[in-house]
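Enquirer: Spelled out, the chains give:
4 protein chains.
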Amino acid sequence: MSDRLEDYLKGLLPREMLSRSSAVLGSQLNSIRNLFKQRRIPNLGWSDGVIELLLKLLSMMDVDKDPEGVRIGEREARVASPLISELASGFCHGVGRSGALIAPQPKAPGASILYELSNWCALDAMQKFGAPNMKSAIVSPVATGMSLALVLAAARDASGGDRNTVVFPRVDHDSPLKAIHLANLRTKVVQGQICGDAVRVSIDDIDKGVDKNCCAILSTTTFFPPREPDSIKEIAKIASEHKVFHIINNAYGVQSREIMRDIRSAADAGRVDAVVQSTDKNFLTAVGGAIIASPDEKLVENIAACYAGRASASPIYQFLAAILSLGIEGYEKLRDTQESNRSLLQKLLGEVADSYGERLLNVRSPIACAMTVSEVEPSLLGGVLYSLRLSGPRVIQSGRSGSCCENYPESYIVMNAAIGSKEADIIKAVAKLREGLNQASARKTEKGDQRHRSSVLHQ
Amino acid sequence: MSDRLEDYLKGLLPREMLSRSSAVLGSQLNSIRNLFKQRRIPNLGWSDGVIELLLKLLSMMDVDKDPEGVRIGEREARVASPLISELASGFCHGVGRSGALIAPQPKAPGASILYELSNWCALDAMQKFGAPNMKSAIVSPVATGMSLALVLAAARDASGGDRNTVVFPRVDHDSPLKAIHLANLRTKVVQGQICGDAVRVSIDDIDKGVDKNCCAILSTTTFFPPREPDSIKEIAKIASEHKVFHIINNAYGVQSREIMRDIRSAADAGRVDAVVQSTDKNFLTAVGGAIIASPDEKLVENIAACYAGRASASPIYQFLAAILSLGIEGYEKLRDTQESNRSLLQKLLGEVADSYGERLLNVRSPIACAMTVSEVEPSLLGGVLYSLRLSGPRVIQSGRSGSCCENYPESYIVMNAAIGSKEADIIKAVAKLREGLNQASARKTEKGDQRHRSSVLHQ
Amino acid sequence: MSDRLEDYLKGLLPREMLSRSSAVLGSQLNSIRNLFKQRRIPNLGWSDGVIELLLKLLSMMDVDKDPEGVRIGEREARVASPLISELASGFCHGVGRSGALIAPQPKAPGASILYELSNWCALDAMQKFGAPNMKSAIVSPVATGMSLALVLAAARDASGGDRNTVVFPRVDHDSPLKAIHLANLRTKVVQGQICGDAVRVSIDDIDKGVDKNCCAILSTTTFFPPREPDSIKEIAKIASEHKVFHIINNAYGVQSREIMRDIRSAADAGRVDAVVQSTDKNFLTAVGGAIIASPDEKLVENIAACYAGRASASPIYQFLAAILSLGIEGYEKLRDTQESNRSLLQKLLGEVADSYGERLLNVRSPIACAMTVSEVEPSLLGGVLYSLRLSGPRVIQSGRSGSCCENYPESYIVMNAAIGSKEADIIKAVAKLREGLNQASARKTEKGDQRHRSSVLHQ
Amino acid sequence: MSDRLEDYLKGLLPREMLSRSSAVLGSQLNSIRNLFKQRRIPNLGWSDGVIELLLKLLSMMDVDKDPEGVRIGEREARVASPLISELASGFCHGVGRSGALIAPQPKAPGASILYELSNWCALDAMQKFGAPNMKSAIVSPVATGMSLALVLAAARDASGGDRNTVVFPRVDHDSPLKAIHLANLRTKVVQGQICGDAVRVSIDDIDKGVDKNCCAILSTTTFFPPREPDSIKEIAKIASEHKVFHIINNAYGVQSREIMRDIRSAADAGRVDAVVQSTDKNFLTAVGGAIIASPDEKLVENIAACYAGRASASPIYQFLAAILSLGIEGYEKLRDTQESNRSLLQKLLGEVADSYGERLLNVRSPIACAMTVSEVEPSLLGGVLYSLRLSGPRVIQSGRSGSCCENYPESYIVMNAAIGSKEADIIKAVAKLREGLNQASARKTEKGDQRHRSSVLHQ
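From first to last, the protein sequence lines stand for chains A, B, C and D.
Residue numbering for the first sequence follows this note's numbering, beginning at 11 and increasing consecutively.
Residue numbering for the second sequence follows this note's numbering, beginning at 11 and increasing consecutively.
Residue numbering for the third sequence follows this note's numbering, beginning at 11 and increasing consecutively.
Residue numbering for the fourth sequence follows this note's numbering, beginning at 11 and increasing consecutively.
Just so you know, the hints here were simulated from the structure itself, not pulled from any lab data.
You may find that some hints are simply not true.
Identical copies go unnamed one by one, so any copy, or any two together, can satisfy a pair.
What the hints assert, rightly or not - List of simulated lysine-lysine pairs, BS3-like, C-alpha gap at most 27 Å:
1. K20 to K308
2. K438 to K343
3. K357 to K438
4. K222 to K432
5. K343 to K432
6. K145 to K20
7. K432 to K20
8. K47 to K66
9. K247 to K218
10. K247 to K222
11. K357 to K442
12. K432 to K66
13. K218 to K442
14. K20 to K454
15. K138 to K20
16. K20 to K47
17. K438 to K253
18. K442 to K247
On a predicted model such as this, the values are computed, not experimentally measured, just so you know.
The shape of chain A in the complex, shown without the other chains (with noise of 0.2 Å):
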């Protein structure tokens, strides 16, 4: 459009205007053009401005916006009103084929596109960000728990019919035991064990957990102390041995330098089959996708040709745009504060501790940090932060379910410092904290007074 758009303009501004006007308009679509050649997340993020031309020429090549067609299929992206076509972007036909996830859709040459630079994004970013093992990787567009449930029928298909377990170190976490399920295979829960403050699932156990019916060990790279991240190498080895599958789930762990590090090395020395990260969690979308990776390109057309027909081209979009937003450099400073803030929360997560008669939990964790909740009640606790509005601490009692183990002796709380919190948020945080237990303990007291306690506030 740029190249010869002084020709078009001629007479409508000086000469040195419109070749202004050429330079600043070309520097943007220019970012446009290597996109399209370079197929790879730009160095330097995109304004939103130029994100949204992308959207637009993208979706005004679908077949539905063409102003000289005419349109006779029982689909064809018609709308009930203006408004529904906005709401998706334009790209009202979504993406893929009734056939096949990942071929393009001749409907929907613009968000065939775009699925196709998304997917070589969600590659780019699996490997600039850590794993420069993954050699295939596509954007899915459900989110971890049901891309899970992809990547384990692809993983049942190819082991036969015999295979049907899945060797689950323990996570206390319901979705992917639904992706377990859905794929109709079993889960063999290994226990966590409690090491020191530490919850860990034993090397051993996970080995003695593969047997020949045993399909696929799917292991856990981020959850909430005091729950460790898996030794995934050491399980990469084990898969490697036994033939049989390794899935790690990698929900969160994109966002942290250490956390992809393990990834590489298990990828290089042992068995990674498919490595599944939110885009939410790590790219600051909106709920609903995930990236699918893998070291082994014929496994992910694989997993793809597993989802059933067409899908909402809204998580492809929205993983496209943020990851252009964020651009490599965006991305590593995100990481720098996640680091800074990681180590900021543990630090005056420890000054709460000291006032408090609390003491931080010693646990291997690049993301969140735990302190034990021993003077007040942590059910207490937890109502009291609600209705503070702080949201996202998870108190756990001791004994119930969250620990990832048996009987785990204290009770805790965990907090976070993700990708995309600021500075001043992990401040705000332990304020409402402190806050918090200064009510929960006020509160305490008078009830001590009352000599009994009502077990409501223990649910």
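Fit chains B, C and D to the known structure of chain A by using the hints.
Expert: Only chains B, C and D this time, still in chain A's reference frame:
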């Protein structure tokens, strides 16, 4: 808001203007209030402005919008830029919880209400548009194919471990097959039979297909002629008798009063466990969602429970926006137009047939019409129509896949008069067909003169 | 962009889809290219999507979007938040320079092109819609009233210091009077005369009004019956003879082929210096702009030079968007509808008159119709219609201001069939009028029974 | 809305989530309620989401949105397409009536409230940001230049017919001159005098300029060095003594606490009739509006009464949105940054001066800094900086217009540290200046070698 608006605004405007402004705004807010109270589709469709206001108010209830909140979770709907939130219409938390798709999400009260309302409207749509015997429905955040997979998984679970085949009256479409496969079930195809021009699947053959391994019958109401809709009432009786699930793939059947009558009768006469329909094909949204409806409330809950983790809110708000925009009356008007377009298509296509030495196939289909293609090369015609920018016609060569049976003797073209099409679309499409036939015929003659014909044309 | 699109996208899509996508996008970009080259209104209106793309591309040429630029001026289109830029559709620099409204603004090449194109389209509109003898036109960034002030100031300047009265055939409207006053000129009103039902301003009286102090005649083409359009052809001759300016307030006259013929004839037969018309009343934009057209290019420049400083770009892009959306054909269709609605209104109002003992006023007016109001209190009827939410009718009591003459003997109601109205609007409006007459009549009876009548009702 | 939200939503969500959603939405609606009640700028700025909601609710009060209304006027906010309404943020009726700009418009109660609130906020801004002695203010729908014309017309009217000169302490800017001209007044320029580096207009000369023909003095607070701000306190005394109007062109002065103190003192010490300031230069909106403020309520009404007809609502809602986005605290923070940027600019420019054999001009200016340009050609430097994409610097050759006096002896460059600039902008701009000086210096040398110099460079 409007109730006491006049108090707040006192002194800003003359009294009578204030009361008028309050009446005008009030009329619109009343629509929203009524939706909240009645939880069903309005009779008259809403303006885009009121729908936007509803979505805005709901998204402003999610806790990421709380100006007094502090957020410390690993997932707090932080976004890469303001554009990202806009691309998700503010519903950054998606819908659902990791453990339960249709459970309220504490961080997203607004999205949770959105989802509840959408599900109520989905049920209302099923009931008002022809199947009052449905008792529960949800908007599934994935399209028809993946939604079938969820339903099949629930059927599988309910059937115990032994029953693992799905009896499938043949439809030449990949998406249901993939759904069966994802749920780890096996497909038992029942062949279509040629009956005059029509292709039907014999009830006896279906009955024979149901054995002790059968978990479910997956029937289909809408496909392209010559394949006729399945006799779902008879299938419902068989399912009832054999105590197997009966799942109806009603992909684009809600638009047809005739097909909805079939569904109602089937559910009255025998067993219908779940009916799955596309939101985009029936309600003019973008691709990406489906309605799963059932006469059995508990079953719908079990189906939803098969979904692993949270989901994108996009398919949900796109459906709600579309159905509010249409309203009951608007939808019935679209159905009227669909019916008259269907008649018009038959008439015009009949005239084409007369002119070009072809004939219409005599097949029951409330949405599409088919005409033989005997005087020109079918593949050549397909290519010509594509280059004429006619989108949607299916040209099928005799004997090729698409007819849902072995050795269908005719080549033919199928055209649709689907919901949302305008009369002018039908007229222009048939005109393009004439042009295409002329061009294909001219080329055939050229070719004929050359006494050899490229085999490429047949592909 | 699309020219070499296929090069950039090679490998992303199958070749034939690439060429299709390029064709679809190309068709739309061609519209933009043609506008740049031809600088006139397209024959067929554009989709909103293409208009949005045009505005986006233009706003991306302004230097505040330059990703490589650094800005150090006192005014650099910095905005308080992204929303502010959105509210201005990205044209944050407005249009014009401090010294010259229509000069290109170096910081805003995009907005400058926007303004140039808008002015070309404004001229094209005047010429194609009936006044081919106009030679120059601009979109004024202020509405009709303020635009008249600019024109009058230019006329004042050109007339030398002595001539400072404006002969004004009476129209009961404040805005032109204020325009005359702002330009520091004095108004010399020429009274309307009652001729049958009609109110006309006598050509002789106008002629007599033009003396050596006269700077300009300000005539009016569109007002409410019983006031008829001025005889602008005769006035043009007078202006020519006396060598005074003739400025036509053509507020909503472009919609009427009849009035545009009058303007053409006037400019052919005598002197017409400038014609001013509302963008919102004629071209269905929001309120805020006007077209100033003239057979004299230099005069338009002088008028523009009277504008002090830069201006908001909103009225400019709103006009351009509206005229591109309509296209020549779309506008002519709207005019057809306007004409048939005008006939319908007369017919329906005639029937009302028959039923209620009233009669239509016999007055030339291509847009409005008037009916006597003799059987109910006019003020009461006005109030009733307001409460019935009928917007726009004017109910005038005999002798009150509004008739443009002394002592008009009838009370009456005026209703319009203006451009953009639908047939249904006319029908519903007349139905509301009937309801209003019934209600007013019922109340009158009540009142009559009480043998006294509140004087409030007359206000 | 939120008050009884819980009633409407009962049963849709668990009770505690309902109360949370109601609290979150309530916090945001409270901002709107407070604005309605208090009619002043909030202390804390609003999120874009809340501002959008306010604009939406207001625009939904205009009668063109009435779902039960019927419209029969010549002007009913009909729009060419949905896009047109969007481009006007729904305020299709604009603001004002034909007879009175600030009167409520019966068809647009929402826009009328919008305008009222904007005017209250404009007054609040003037008072809180330094001029508490202002008693009335309006947001003018035209920018500074045209707003000055309105003020001058009101002054002219109030002064009777004889007084028709405006004493204008020289500022080399076209826009005020055009304003004086539009109001049909004559400009009496008072020359600037060179006082050291500074250019000042002598109070004695101004005093002498005021004779019996004088209608008003038009003083200026913000211009480029070496021109210093006028001594408005002294001018106010002169105006008071001679009983002439004193109008202050405070174009971008609200950002400066120092200049606002001057205005306050002037209005306390003598006569200040009206103060006009740009909305875009002070409040970071798009170009197109101004605030007209006065210690005299009646005068503001008279000024508004000079505006002929309705006006675009865009400048109004753009101002309101910007000031709500900033809030009092946000604005004061921007002022802090402006002040520190101004210091930084002086420091960095001083260093440049030292390196390149130039010196800073010693001139009072709270926003800009000037440095001599003696070692390179000023015009060459200007061209080089333009090509380096540095926007905003003014390079003035000695003796040329721009210095507001005869024969200013130095060539110089002016750079600004205006509100909204970031520290990084200042640093990058000075770096570009260094680069520009290097390039200009290199070229000069080349030229010097050639022993002749193109005169083109001086233009």
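Enquirer: At 27 Å max between alpha carbons, let me know whether K432 reaches K20 within a copy, between copies, both or neither.
Expert: neither (48 Å within a copy, 36 Å between copies)
Enquirer: Go through the copies and call it for K432 and K66: within, between, both or neither, with a Cα cutoff of 27 Å.
Expert: between (32 Å within a copy, 26 Å between copies)
Enquirer: Using 27 Å as the alpha-carbon threshold, which applies to K218 and K442: within, between, both, or neither?
Expert: This pair counts as neither: shortest intra-copy Cα distance 45 Å, inter-copy 66 Å.
Enquirer: Between the shortest in-copy and the shortest cross-copy C-alpha distance, which are at most 27 Å for K222 and K432: within, between, both, or neither?
Expert: neither (48 Å within a copy, 60 Å between copies)
Enquirer: Is it within a copy, between copies, both, or neither that the alpha carbon of K20 lies no farther than 27 Å from that of K47?
Expert: Only across copies: K20 and K47 sit 9 Å apart there, 29 Å inside one copy, limit 27 Å.
Enquirer: Are the CA atoms of K145 and K20 at most 27 Å apart within a copy, between copies, both, or neither?
Expert: between (48 Å within a copy, 21 Å between copies)
Enquirer: Given identical chains, is K438 near K253, meaning Cα to Cα at most 27 Å, within a copy, between copies, both, or neither?
Expert: neither (49 Å within a copy, 58 Å between copies)
Enquirer: If the cutoff is 27 Å on CA atoms, where do K438 and K343 land: within, between, both or neither? Let me know, please.
Expert: Classified as both; 22 Å inside a copy, 20 Å across copies.
Enquirer: With 27 Å as the alpha-carbon cut-off, assign the pair K247 and K218 to within, between, both or neither.
Expert: within (13 Å within a copy, 50 Å between copies)
Enquirer: For the identical chains here, do K247 and K222 meet the 27 Å Cα criterion within one copy, between copies, both, or neither?
Expert: within (17 Å within a copy, 43 Å between copies)
Enquirer: State whether the alpha carbon distance between K138 and K20 is at most 27 Å within one copy, between copies, both, or neither.
Expert: So K138 and K20 pass the 27 Å test across copies only (24 Å; inside, 44 Å).
Enquirer: Between K357 and K438, at a C-alpha cutoff of 27 Å, which is it: within one copy, between copies, both, or neither?
Expert: So K357 and K438 pass the 27 Å test inside one copy only (14 Å; across, 36 Å).
Hints 4, 7, 13, 14, 17, 18 from the list above are not met by this structure, while the remaining hints are.
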